[in-house]
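A.B. asks: So you can see what is in the structure, the chains are spelled out below.
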Amino acid sequence: AQSVTQPDIHITVSEGASLELRCNYSYGATPYLFWYVQSPGQGLQLLLKYFSGDTLVQGIKGFEAEFKRSQSSFNLRKPSVHWSDAAEYFCAVPFNNDMRFGAGTRLTVKP
Amino acid sequence: DVKVTQSSRYLVKRTGEKVFLECVQDMDHENMFWYRQDPGLGLRLIYFSYDVKMKEKGDIPEGYSVSREKKERFSLILESASTNQTSMYLCASKGVMIADTQYFGPGTRLTVL
Chain G
65 AQSVTQPDIH ITVSEGASLE LRCNYSYGAT PYLFWYVQSP GQGLQLLLKY
115 FSGDTLVQGI KGFEAEFKRS QSSFNLRKPS VHWSDAAEYF CAVPFNNDMR
165 FGAGTRLTVK P
Chain C
4 DVKVTQSSRY LVKRTGEKVF LECVQDMDHE NMFWYRQDPG LGLRLIYFSY
54 DVKMKEKGDI PEGYSVSREK KERFSLILES ASTNQTSMYL CASKGVMIAD
104 TQYFGPGTRL TVL
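In order, the protein sequence lines correspond to chains G and C.
Be aware that the first sequence starts at 65, since it is given in my numbering, and climbs by one per residue.
Be aware that the second sequence starts at 4, since it is given in my numbering, and climbs by one per residue.
Don't take every hint at face value.
For lysine-lysine, the following BS3-like pairs were computed, each having C-alpha atoms within a straight-line distance of at most 30 Å [said to hold, decoys possible]:
1. G:K113 <-> C:K6
2. C:K6 <-> G:K125
3. C:K74 <-> G:K113
4. C:K58 <-> C:K73
5. G:K113 <-> C:K58
No lab work stands behind these hints, which were simulated from the structure alone.
Hey, can you work out the whole structure from these sequences and the hints?
C.D. replies: Okay, here's the thing in structure tokens:
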């Protein structure tokens with residue numbers, strides 16, 4: 065079955081530093097892949113999604129992600145992190161009518 | 004602007020009480036979902052509905068039921084709340100295409116004492 069794995073439970077970066085959050089997928093065909101963000105006490109908000117075409121996808125809030133079939137990865141990146149990016153990030157893949165989420169990566173931003 | 008709303012942000016109930024969590028979406032989506040979110044466990048699907056009066060069990064349906072009498076409204080019911088149902092509950096809705104975005108409500112933090 066389709067699934068995603070986020071290997072990092074918690075990441076800490078300094079404000080202004082670059083960020084990469086990892087996501088690996090398990091899927092037979094070309095997958096649809098999503099990244100969501102959850103700010104503290106809030107629901108999830110879509111950052112970006114990939115379903116075909118260009119393997120580098122641009123999202124909101126300055127985030128991007130790159131689909132790499134050879135590595136079964138869809139890592140999320142941001143060149144310069146802001147304090148307001150502190151949140152939990154979820155990678156997800158559709159499964160039937162549902163969405164399967166990774167366990168999430170909590171991002172802490174140091175001043 | 005698309006919207007999924009949930010009836011309460013915070014709820015405190017006692018063991019054995021019947022609890023209703025309501026969710027309303029304004030996007031005319033066919034699919035609606037209830038998840039619970041617990042630290043270290045991510046989001047786990049409780050139930051989803053793909054049409055009015057239609058429902059399917061998710062990964063953890065035990066102790067829960069759902070109701071969808073109108074397309075825009077999807078209710079989660081805890082028939083007899085227990086302390087292990089203390090959690091964050093998230094409602095979501097989505098269109099029928101696989102690449103459609105799933106939109107989430109703000110969540111209800113339920114505490115069962």
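A.B. asks: Does K58 of chain C lie within 30 Å of K113 of chain G when you go C-alpha to C-alpha?
C.D. replies: This hinted pair holds, its Cα atoms lying about 27 Å apart.
A.B. asks: Sort out whether K113 of chain G lies within 30 Å of K74 of chain C, counting only the CA atoms.
C.D. replies: Given that 30 Å is the threshold and the Cα spacing comes to 26 Å, the pair holds.
A.B. asks: Taking only the CA atoms, is the gap from K58 of chain C to K73 of chain C under or equal to 30 Å?
C.D. replies: holds, 13 Å
A.B. asks: Are the Cα positions of K113 of chain G and K6 of chain C separated by 30 Å at most?
C.D. replies: With Cα atoms ~19 Å apart, K113 of chain G and K6 of chain C stay inside 30 Å; holds.
A.B. asks: Holds or violated: K6 of chain C with K125 of chain G, Cα cutoff 30 Å?
C.D. replies: holds, 20 Å
No hint from the list above goes unmet by this structure.
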